[in-house]
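Protein chains: 2
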Amino acid sequence: MLLDVVLSPTALDPDEVKGHRVVVVDVLRASTTIATALANGARAIIPATDTGEAGRLAATLDSNASLLGGERDGKPVEGFGAGNSPAEYGPEAVDGKTVVLTTTNGTRALSRAKKGAQVAVGTFVNAQAVADFLREGLDEDQPGTIVCAGWHGRVSLEDALCAGLLLDRVLRPEQAGALADPAKIAYALYQGSRNDIERAIRGTEHARRLHALGLGDDIARCAAVDTLDVLPVQNDGRITAA
Amino acid sequence: MLLDVVLSPTALDPDEVKGHRVVVVDVLRASTTIATALANGARAIIPATDTGEAGRLAATLDSNASLLGGERDGKPVEGFGAGNSPAEYGPEAVDGKTVVLTTTNGTRALSRAKKGAQVAVGTFVNAQAVADFLREGLDEDQPGTIVCAGWHGRVSLEDALCAGLLLDRVLRPEQAGALADPAKIAYALYQGSRNDIERAIRGTEHARRLHALGLGDDIARCAAVDTLDVLPVQNDGRITAA
Chain A
1 MLLDVVLSPT ALDPDEVKGH RVVVVDVLRA STTIATALAN GARAIIPATD
51 TGEAGRLAAT LDSNASLLGG ERDGKPVEGF GAGNSPAEYG PEAVDGKTVV
101 LTTTNGTRAL SRAKKGAQVA VGTFVNAQAV ADFLREGLDE DQPGTIVCAG
151 WHGRVSLEDA LCAGLLLDRV LRPEQAGALA DPAKIAYALY QGSRNDIERA
201 IRGTEHARRL HALGLGDDIA RCAAVDTLDV LPVQNDGRIT AA
Chain B
1 MLLDVVLSPT ALDPDEVKGH RVVVVDVLRA STTIATALAN GARAIIPATD
51 TGEAGRLAAT LDSNASLLGG ERDGKPVEGF GAGNSPAEYG PEAVDGKTVV
101 LTTTNGTRAL SRAKKGAQVA VGTFVNAQAV ADFLREGLDE DQPGTIVCAG
151 WHGRVSLEDA LCAGLLLDRV LRPEQAGALA DPAKIAYALY QGSRNDIERA
201 IRGTEHARRL HALGLGDDIA RCAAVDTLDV LPVQNDGRIT AA
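Respectively, the protein sequence lines represent chains A and B. Under our numbering, the first residue of the first sequence carries the number 1, and numbering increases by one thereafter. Under our numbering, the first residue of the second sequence carries the number 1, and numbering increases by one thereafter.
Since the hints were derived computationally from the structure, they do not count as laboratory data. Misleading hints may appear alongside valid ones.
Taking CB as the label site, the calculated pair distances span [as the list claims (entries may be wrong)]:
id	chain 1	residue 1	chain 2	residue 2	range
1	A	N195	B	T60	56 to 66 Å
2	A	G52	B	A220	48 to 58 Å
3	B	G177	A	V225	19 to 29 Å
4	B	G177	A	L138	57 to 67 Å
Just so you have them, the derived chain B footprint on chain A, three or more residues with Cβ under 8 Å [to be verified]:
id	region
5	97 to 109
6	182 to 192
7	202 to 213
For glycine and all other residues, C-beta sits at the position ideal for the given N, C-alpha and C.
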């Protein structure tokens, strides 16, 4: 099977994705924030693995033309201009700017996936753009791997669900039988929840954490399917709209 | 929630299960082989993490009263008296004997889970015995953790499915909403396949590997639910029937 799913990046050997089209999925919220910022005119997103690196990267940029954003365990970081809520990345905040972003799981997953031939960022809001990207690879017999960011090495339901939706859009139903187990799990999970994605996401651990932090409004925003036609792609440590 | 699922032992911090009732699940085939051997009169199973350790342990035992068994990547090991097929662990082979067993994933998962207050071995064939063991803990507010063995750090569908069946037997439906994501995934997976467990297992990667090795007969044996009323429990590195 040409399409694989990694349910948590700790299960990923970085060399495994060489030559693949890779989609990194962190529904709540890095992928959604990145897609939103680019759709709203950000020039580029520079993912940083920790807050120190993010600060150093931001210091090299013109402060009028950049924004330093991110979170740790869902919470804002002191001294940062924005958190990790897509609501903070509207045109007024990001148009024409470079965003340096560090998040608990999403930017780490991007780092582990960077050896892919092409690396895109996907989630529900830009699902069709990402499905088209994977389909284009498959049409040329190029393998695709969907890497779920998860949570501190554990599997996140919302990321697996999004991987399942992408598989559903790219595969013919008769191809699902040949999938490897993690992809099969994602696919089955999506089939069971496809009629109410937002409800399934509201029941996840991560959604419950966001709710407790007063960030419950982000959930509906991150669970909306196909609201943005943008394909964020990562090259040399910068993510731009393709 | 008092009941958790770890979908792959690489995601498990061994200290996490201190004080818990733990069930280690390796449907294909270590759990099924262990349950079968004990049901057929084996005195004890000694799990060994590698073939060298298994050989050394077996050398300390009376050869008439012991059996050295196991596999690597599903294949028999040279010099071993048995592989990892439950069919090889009938009464004629194991009655009254101590079995030293090493398998690719199952015995490693047992090793990672050993700090649990009680550690049992579970699978479909002894599902009710294991569900009763977990339920007994919950009735006393003792947390339970189901550790899926997986395959080289990846999630195996058949183990997740078995974890889902155990949850289904132990939880009231209204409790499922409060589960953590990995447990929710296992539970949802089981709900989607509960009417044909064997068919779901036949579609897994592991079943396809066994089939290719000529071991396809083991699949139905491992997919049978509640055929053995045995609870294998691990104490001080020995597994015996409770």
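Please name the hints from earlier in the document that this structure breaks, with their numbers sorted from lowest to highest.
-> The structure breaks hints 4 and 5; every other hint is satisfied.
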